[in-house]
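*Asks:* Sequence:
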Amino acid sequence: MRDEKSADLAHRTRGSASRLGSVCVYCGSSPGADPAFAAAAEELGRRFAESEIELVYGGGNIGLMGTVARATLDAGGRVTGIIPDFLKRAERMLDDVQELIVVPDMHTRKQLMFERADAFVAMPGGIGTLEELIEQMTWAQLGRHRKPILLLDIGGFWRPLLTLIGHMGDQGFIRPGLELTYLVAETPADVLPMLEQAMPPPSETAQDELVTERF
Numbered sequence: 000m001r002d003e004k005s006a007d008l009a010h011r012t013r014g015s016a017s018r019l020g021s022v023c024v025y026c027g028s029s030p031g032a033d034p035a036f037a038a039a040a041e042e043l044g045r046r047f048a049e050s051e052i053e054l055v056y057g058g059g060n061i062g063l064m065g066t067v068a069r070a071t072l073d074a075g076g077r078v079t080g081i082i083p084d085f086l087k088r089a090e091r092m093l094d095d096v097q098e099l100i101v102v103p104d105m106h107t108r109k110q111l112m113f114e115r116a117d118a119f120v121a122m123p124g125g126i127g128t129l130e131e132l133i134e135q136m137t138w139a140q141l142g143r144h145r146k147p148i149l150l151l152d153i154g155g156f157w158r159p160l161l162t163l164i165g166h167m168g169d170q171g172f173i174r175p176g177l178e179l180t181y182l183v184a185e186t187p188a189d190v191l192p193m194l195e196q197a198m199p200p201p202s203e204t205a206q207d208e209l210v211t212e213r214f
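Throughout the sequence shown, residue numbering follows numbering that gives the first Met the number 0, covering 0 to 214 in sequence.
Note that these hints are calculated values from the structure, not bench results. For clarity, every value in this text was computed on a predicted model and none was experimentally measured. A virtual CB, placed ideally from N, CA and C, is assigned to each residue, including glycine.
Taking CB as the label site, the calculated pair distances span:
| hint | residue 1 | residue 2 | range |
| --- | --- | --- | --- |
| 1 | Leu177 | Gly75 | 34 to 44 Å |
| 2 | Thr162 | Ala32 | 12 to 22 Å |
| 3 | Asp95 | Gly142 | 35 to 45 Å |
| 4 | Gly125 | Ala38 | 16 to 26 Å |
| 5 | Met167 | Ala74 | 37 to 47 Å |
| 6 | Glu178 | Ala32 | 26 to 36 Å |
Using the sequences plus the hints, can you model the full thing?
*Replies:* Okay, structure coming up:
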């Protein structure tokens with residue numbers, strides 16, 4: 000286990016590569032009401048391992064977070080968990096991951112998750128998952144990064160949000176030229192091909208390195 004000060008600075012530019020090497024998954028700390036959510040998390044973790052894609056996630060051992068991390072590990076994959084000190088007990092850290100970074104607050108957690116990932120996947124979750132997703136959408140909208148953002152829409156979970164985003168545009172709150180850029184996948188099998196296709200060339204990822212202040 001490491002604290003954020005000891006995290007390898009070489010990882011700070013990992014997101015500048017054009018090849019997909021790591022994916023940050025945002026998801027719930029509960030399993031949700033539909034068993035399909037956990038099944039999708041298990042399949043996604045297994046596919047990460049099979050494709051040698053590192054999982055970056057919130058460090059917990061419960062809910063969909065724990066499911067996707069354990070599935071990745073069980074299939075021989077690499078996992079980095081990043082968790083605030085105050086959540087170590089509430090979310091029960093998963094100590095089996097190859098790298099577990101304990102940070103002082105949520106801002107640092109989200110910053111490191113951004114730095115360590117080449118792309119982002121939002122699975123079903125609650126307010127915390129939604130906040131993390133919207134933050135990445137906002138910074139991409141403002142031109143601060145070009146990393147792919149994908150919503151894994153298991154059972155139509157994200158459809159109400161997509162409807163709301165469309166409504167915001169219809170009402171003039173998402174202006175032309177500032178449209179949100181994101182992908183929507185319905186199955187875990189679609190996730191990695193879609194992310195790999197959406198990866199920008201290296202010349203277009205330089206802006207990612209400028210996002211060094213906390214969100």
